[in-house]
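For the protein sequence lines, the chains are Z and C, in the order given. Mapping to our numbering: the first sequence position 104 is 104, numbers consecutive. Mapping to our numbering: the second sequence position 95 is 349, numbers consecutive.
Among the hints, a few may not be true.
[Said to hold, decoys possible] Capping the alpha-carbon separation at 35 Å, the derived lysine-lysine pairs in DSBU-like fashion look like this:
(1) C/LYS360 / Z/LYS217
(2) Z/LYS217 / C/LYS418
(3) Z/LYS246 / Z/LYS41
(4) C/LYS360 / C/LYS320
(5) C/LYS285 / Z/LYS159
(6) Z/LYS217 / Z/LYS244
(7) C/LYS418 / Z/LYS244
(8) Z/LYS196 / Z/LYS84
(9) C/LYS285 / C/LYS326
(10) C/LYS285 / Z/LYS196
(11) Z/LYS246 / C/LYS418
(12) Z/LYS189 / Z/LYS244
(13) Z/LYS196 / C/LYS349
(14) Z/LYS138 / Z/LYS71
(15) Z/LYS160 / C/LYS360
[What the hints assert, rightly or not] Residues of chain C placed beyond 12 Å of chain Z at every Cβ, according to the derived structure:
(16) ALA272
(17) THR283
(18) ALA286
(19) PHE345
(20) TYR357
(21) CYS404
(22) ASN428
Treat the hints as calculated values from the structure; they're not laboratory data. Predicted, not measured: the structure shown is a model, and the values here were computed from it. C-beta atoms are modelled at their ideal positions from N, C-alpha and C, and glycine is treated no differently.
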Amino acid sequence: MLAKRIIPCLDVRDGKVVKGVNFEGIKEVGDPVECAAEYDKQGADEIVFYDITASHEGRGVMLDVVRETAKRVFVPLTVGGGIKTVDDIRETLRAGADKVSVNSQAVQNPSLIREGADIFGSQCICVGVDAKAIGPDKWTVFINGGRIDMKLDLIDWVKKCEQLGAGEICLNSIDTDGVRGGFDLPMLKAVVDAVKIPVIASGGAGKLGDFAEAFLKTDCSAALAASLFHFRELTVSQVKEDCKSKGIIVRQCR
Amino acid sequence: MIAVIDYGAGNIFSVKNALDHLGFESRLTDKAEDLRSADALILPGVGAFPWAMNMLKLSGLVEVIKQEAARKPFLGICLGMQLLFEKSYEFEECKGLGLVDGYVDKINEPGLVIPHMGWNKLEYNHPCPLFDGLGSEEYVYFVHSYKAFCGDGALMAYCQYGSKVPAVVGNGKNVFGCQFHPEKSGETGLKILSNFAGLIK
Numbered sequence: 001m002l003a004k005r006i007i008p009c010l011d012v013r014d015g016k017v018v019k020g021v022n023f024e025g026i027k028e029v030g031d032p033v034e035c036a037a038e039y040d041k042q043g044a045d046e047i048v049f050y051d052i053t054a055s056h057e058g059r060g061v062m063l064d065v066v067r068e069t070a071k072r073v074f075v076p077l078t079v080g081g082g083i084k085t086v087d088d089i090r091e092t093l094r095a096g097a098d099k100v101s102v103n104s105q106a107v108q109n110p111s112l113i114r115e116g117a118d119i120f121g122s123q124c125i126c127v128g129v130d131a132k133a134i135g136p137d138k139w140t141v142f143i144n145g146g147r148i149d150m151k152l153d154l155i156d157w158v159k160k161c162e163q164l165g166a167g168e169i170c171l172n173s174i175d176t177d178g179v180r181g182g183f184d185l186p187m188l189k190a191v192v193d194a195v196k197i198p199v200i201a202s203g204g205a206g207k208l209g210d211f212a213e214a215f216l217k218t219d220c221s222a223a224l225a226a227s228l229f230h231f232r233e234l235t236v237s238q239v240k241e242d243c244k245s246k247g248i249i250v251r252q253c254r
Numbered sequence: 255m256i257a258v259i260d261y262g263a264g265n266i267f268s269v270k271n272a273l274d275h276l277g278f279e280s281r282l283t284d285k286a287e288d289l290r291s292a293d294a295l296i297l298p299g300v301g302a303f304p305w306a307m308n309m310l311k312l313s314g315l316v317e318v319i320k321q322e323a324a325r326k327p328f329l330g331i332c333l334g335m336q337l338l339f340e341k342s343y344e345f346e347e348c349k350g351l352g353l354v355d356g357y358v359d360k361i362n363e364p365g366l367v368i369p370h371m372g373w374n375k376l377e378y379n380h381p382c383p384l385f386d387g388l389g390s391e392e393y394v395y396f397v398h399s400y401k402a403f404c405g406d407g408a409l410m411a412y413c414q415y416g417s418k419v420p421a422v423v424g425n426g427k428n429v430f431g432c433q434f435h436p437e438k439s440g441e442t443g444l445k446i447l448s449n450f451a452g453l454i455k
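Turn these sequences into a full structure, and let the hints steer you where they fit.
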């Protein structure tokens, strides 16, 4: 049986780890390579680097971070943020990433998903989606770090991503992100039910039981969190212990 | 020296990174003489079977791989494992290296997500030197849409994904294949790679 995955995310700007709260008030803390190595030790099933650098120079720094991490961490690495073209995807994979996560760029240019999947395989194309409720059981997709409402129906969009060849959806709820009251279960359930590809829950984890709750109440494949792990309020291993005690299959670490 | 065969397939740097980390000397190479002088061979691979076989043929390495696989430790990883078999039905019937008995075909599990992607548990079928020091709860990282169909003798370990998915195969001697990525399977994967390198005499 496939194990449910616990994924720590590191937001990186100019080669340093930061963590935004509701995408604003960004704080800077730490070396991403060291943080990734620490998460690996704790039993992270995958590590996500989210590059929030705007500049071109920053992208080169990010690729160096990926290269260094790939020499020390032997679990899958995903890199998101600022990936605009097939060449960006190629460069990122060559640096040692196993997957890329495309977000705003995929909404503006959906063919990026298809081209990426055709050339590199669906398994390395994750589509990150930021969404917000606009009514009961109705959500729309936002881009640019949650700043621009694309007036695009969430369910229509994730179905389209699947058709285009996305290997996975990383679903971030703008409503619950940074609020720490648990994942957005209604949104998560709606997306999981709409597609066959794996869905990663993101945004809102605030306490130990939130992860197990997402797995018990929806069929999501993985759960992602940033600040909770980053500020060492919880370790990945504590989360896995809690899931295991509730009958959820998680990878045991050596 | 472990030769990691470079025929243009996938992220072979991860395999090299893992071997470097473990302290085993290795070389990414597409040269026949390196394959001959190596103490062990690793055949990595991501992509489609017919394409990969074609790349191997174009690089002129098929014969030397077959000769060297008869005399030194040999490990195929992911698509590299699938290439060990006699043939595959990915897109079209295509001959493989024929180092292990069996064939490769699509995973057919209605209701399950394909590709089979993520961490799955190793279930041991036969003793194998690659398993030295592993426990009963070992998870490894898979990403694939095709799987091997082989006899019990070649099946060293499997995982459950609807039905049995061959995870580690072998010819009972020096040729092994892992469907999962040991270089991405944390400590468990590193242990398997280190066990493989330990077979070098």
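Quick rundown of the hints versus the structure:
no., hint, in the structure
1, C/LYS360 / Z/LYS217, "holds, 31 Å"
2, Z/LYS217 / C/LYS418, "holds, 28 Å"
3, Z/LYS246 / Z/LYS41, "holds, 23 Å"
4, C/LYS360 / C/LYS320, "holds, 25 Å"
5, C/LYS285 / Z/LYS159, "violated, 45 Å"
6, Z/LYS217 / Z/LYS244, "holds, 15 Å"
7, C/LYS418 / Z/LYS244, "holds, 23 Å"
8, Z/LYS196 / Z/LYS84, "holds, 25 Å"
9, C/LYS285 / C/LYS326, "holds, 17 Å"
10, C/LYS285 / Z/LYS196, "violated, 43 Å"
11, Z/LYS246 / C/LYS418, "holds, 26 Å"
12, Z/LYS189 / Z/LYS244, "holds, 21 Å"
13, Z/LYS196 / C/LYS349, "holds, 32 Å"
14, Z/LYS138 / Z/LYS71, "violated, 43 Å"
15, Z/LYS160 / C/LYS360, "holds, 24 Å"
16, ALA272, "violated, 6 Å"
17, THR283, "holds, 18 Å"
18, ALA286, "holds, 26 Å"
19, PHE345, "holds, 14 Å"
20, TYR357, "holds, 22 Å"
21, CYS404, "holds, 22 Å"
22, ASN428, "holds, 25 Å"
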